[in-house]
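Each chain is listed here by its residues.
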Amino acid sequence: MNWLTNTLGTSIGKKLMMAVTGLAFIGFLTVHLAGNLTLYGGPDSFNSYAEHLHALGPLVIIFEWGLMLLALVHILTGTFLYFQNLAARPLRYSVNKRGGGRTLGSATMPYTGVLILLFVIFHLANFRFIDASHASLFQVVSGAFAHPLYVGIYVFAMAVVAIHVSHGFWSLFQSLGLNHPKYMPFLRGLGIVVSLIFGLGFGFLPIYISFIA
Amino acid sequence: MTRTINLTLKVWRQPAAAAKGRFETLHATNISTDMSFLEMLDVVNEQLTLDGKEPIAFDSDCREGICGQCGAVINGHPHGAEKGTTLCQLHMRHFQNGDTIVVEPFRARAFKLHKDLIIDRSPLDQIIQAGGYISVHTGGAPEANTIPISEDRAELAMDAAACIGCGACVAACPNASAMLFVSAKISHLALLPQGRPEAARRALSMVRKMDELCFGNCSNERECEAECPKEISIANIARMNREYIKAGFFSALK
Ligand code: HEM
Ligand code: FES
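These protein sequences, in sequence, are chains A and B.
Position 28 of the first sequence, counted from 1, bears residue number 28 in the numbering used here, the numbering being contiguous throughout.
Just remember that the numbering used here sits 213 ahead of the position in the second sequence, which is counted from 1.
Don't read these hints as lab results, they were simulated from the structure.
Keeping only pairs whose Cα atoms sit at most 30 Å apart, straight-line, the calculated DSS-like set for lysine-lysine is:
id: 1; chain 1: A; residue 1: 97; chain 2: B; residue 2: 325
id: 2; chain 1: B; residue 1: 233; chain 2: A; residue 2: 97
id: 3; chain 1: A; residue 1: 97; chain 2: B; residue 2: 296
id: 4; chain 1: A; residue 1: 97; chain 2: B; residue 2: 328
What the simulated footprint calls covered on chain B by chain A, stretch by stretch (three residues with Cβ under 8 Å from a Cβ of chain A suffice, anywhere in the stretch; the number is not a length):
id: 5; segment: 280-290
id: 6; segment: 412-424
id: 7; segment: 427-441
What you are looking at is a predicted structure, and each value in this text was computed from that prediction instead of being measured.
For each residue, glycine too, the CB sits at the ideal point set by N, CA and C.
Chain B on its own, in the form it takes in the complex (with noise of 0.2 Å):
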């Protein structure tokens, strides 16, 4: 049996980046518990656009929380108290009857604001621009068993790879730092020998381009970790730390 819930919204509604933005209050009524926060969104938008009104603007893609499109600030949790969720694939079942949820943008200074809740996310990719890549000759892929690499490493790799780039942890960051997005990413190459021949040059400049985009500095509050919908670990940005001590002092690289 379908269970269905009302719940009050209080919605950031800003038309476009320079114009003033305000809370607004909707009600979204018959909501299915099985829906998704973005369903729910949906449910509320086409009772919008039917009123002659201007549907909320959000971000999504895939839905099944891979991509890393979506994401908004729930109640003060970026993606929702759940852990370990993305927005899209927070269920309307975490929320009662009745219930009163905020929903704003993830904010930062780095992050210019589009309308309502999306917000340009493209400071993360001129940071992977910067360095978060190897070269390779194109050509025939390689055998893959050519180099041996651990378990364990292959693993810790993995996890770091996990990052989806939504930019939740920047807006979990009281200093709204970027630092467990460029250590995740950091991460997952100079764990592996195809990411070894770089590493140093990477580590600088994906640290001074985090840097030059107006970010915040890591104080190790560790909200990032806690907040991530892929539970990306600041162990990443201890080792990204390590890269940067390595490839600051003992390289040839200035």
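Same shape as in the complex, but just chain A (with noise of 0.2 Å):
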């Protein structure tokens, strides 16, 4: 095997390949809330910065593909992990008690994981792919929350998302071999303000959408 593979295919390699994805996926979520926020300043606001997006025309495309191929590297390492860490202690303790290290976010970053992937299949189902030739983006998406169902799976799968960063920003850190004392209590802080800025970035929209839908 080349040495990429080699360095890559380690328990070490698989976490920085979560880390490097995990970090992408930060980074898009940050200009995607930056762009939903135009949705607070109504209609056109909102139709016009999805209009400036798409007239970046190939260069969308090339981003959405490059996700794509990030996501796949995510999901397919996260399940590997998943199943390999099972494995690893076939016979489980009939007492087990935290020492104090664990978290909601970490104990459960398999399931929020699997929950985001369900819920990303929707979301782009809905928005995505859909045919918007006869509608404005602002009238499919205030079309969606006029219905409760969809504000209350959005605003769950937000807070799933916040569940899942708030381990996985300083985690990713920790992977990369970023923990220094000086910053690392910074950036568990920075972690939790992070993931509560997408909880409610991304959660209010719903709501504040079907008031005024």
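Hints in hand, dock the two standalone chains.
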């Protein structure tokens, strides 16, 4: 095997792939959230944002395929890690207490991950792979959020994303070896702040739209 | 005045590696609170022997918290709930009269169970053999102060070297990963000039050996750090990751 697959194939190599792809998703979510905030500006501001984005043409396509590739790496590696870790302890403890390290986020990474995947498929089917020739994107979005069920699904999904990121954020720095006594406490705090920004930032949008729609 | 307590033990009993195991309920009576957990097991074993029954098999050696030979999961915590103590240094004063205590062996696919609470920790030795050493010429010991090492660095290396290789990190990890152990062993050598010449080879071969032995993967749960009797920090795992990145991407080794 060549040196790259050798290096990425080990336990630490797989963690590095999770960290790099996870960081890319956090970057994507940040940009996505910034764009979506134009919804607060009303239909014109949001539609104009969408038009400007689509005007980038092939760049958007390249970006989408790039994200797709990263998602494939993150999901396949995460699934592989999950089953390997499960197999590493065939006989479970009858009494299992936490020592104080685990958090809600860290204990649920594979499960929140799968929920995010299901949500992303649902989300793309609703807003990406639709025929938007007869309606503006704002009409599509406000039409969807007129249903309380849609609002519920979106708010729940954003809570799940926040939980995933609450562990993922600091964890990716640790995986990349960036643990420093001066900065680690700050990064742990920042992870909580970022996950709250994602959760509240994305989560309030469907609620807001459902009120004005 | 010595206080004594009575306890109910639920101990994992398994006659041999291939045999089926189960919990056995035993009673520990008149246990002095000055005893260590292992001394309490000694008392129970004496009674079992007198009754013509098989004593509980468990490992121990130094009984002063430095050899890493003892260890079991006590009520869900490797080496018990006390922070920074090995099982041999866990004293019975931390238990109340009438307590029920569940005693299980360290569980991981990589640690084969021999009998009752005794596990085979030799996979940890195999990881050391893969690179946890430095190569030096034999002969007279060199003058200690030839190579200057800062106090801070020496302290960090010493903190990592405090690892006694008991395997509690593997036992505590939800994924049965040995990363805290391996990172401590990689760190205490990587931090010192004497360890640098072989640092890249060491990082690659120890990590590969760890994977080959079917330990799980680290997902930064931090349970190892919380349960480690020597309170080894996960900052060592980050250092190991850095060493691994340097070796994998920037050294000439494949
Ligand atoms: C919004 C999308 C997502 C973001 C921002 C994200 C972010 C992250 C980050 C930053 C990590 C930490 C990496 C590390 O510890 O080094 C992580 C870990 C993980 N992610 Fe995601 N992720 C997303 C979607 C998913 C999906 C769709 C799945 C699976 C179906 C998934 C499964 C996992 C798993 C299992 C881990 C833990 C890996 C381990 O530590 O063993 N994630 N994620
Ligand atoms: S017997 Fe040596 S550390 Fe416990």
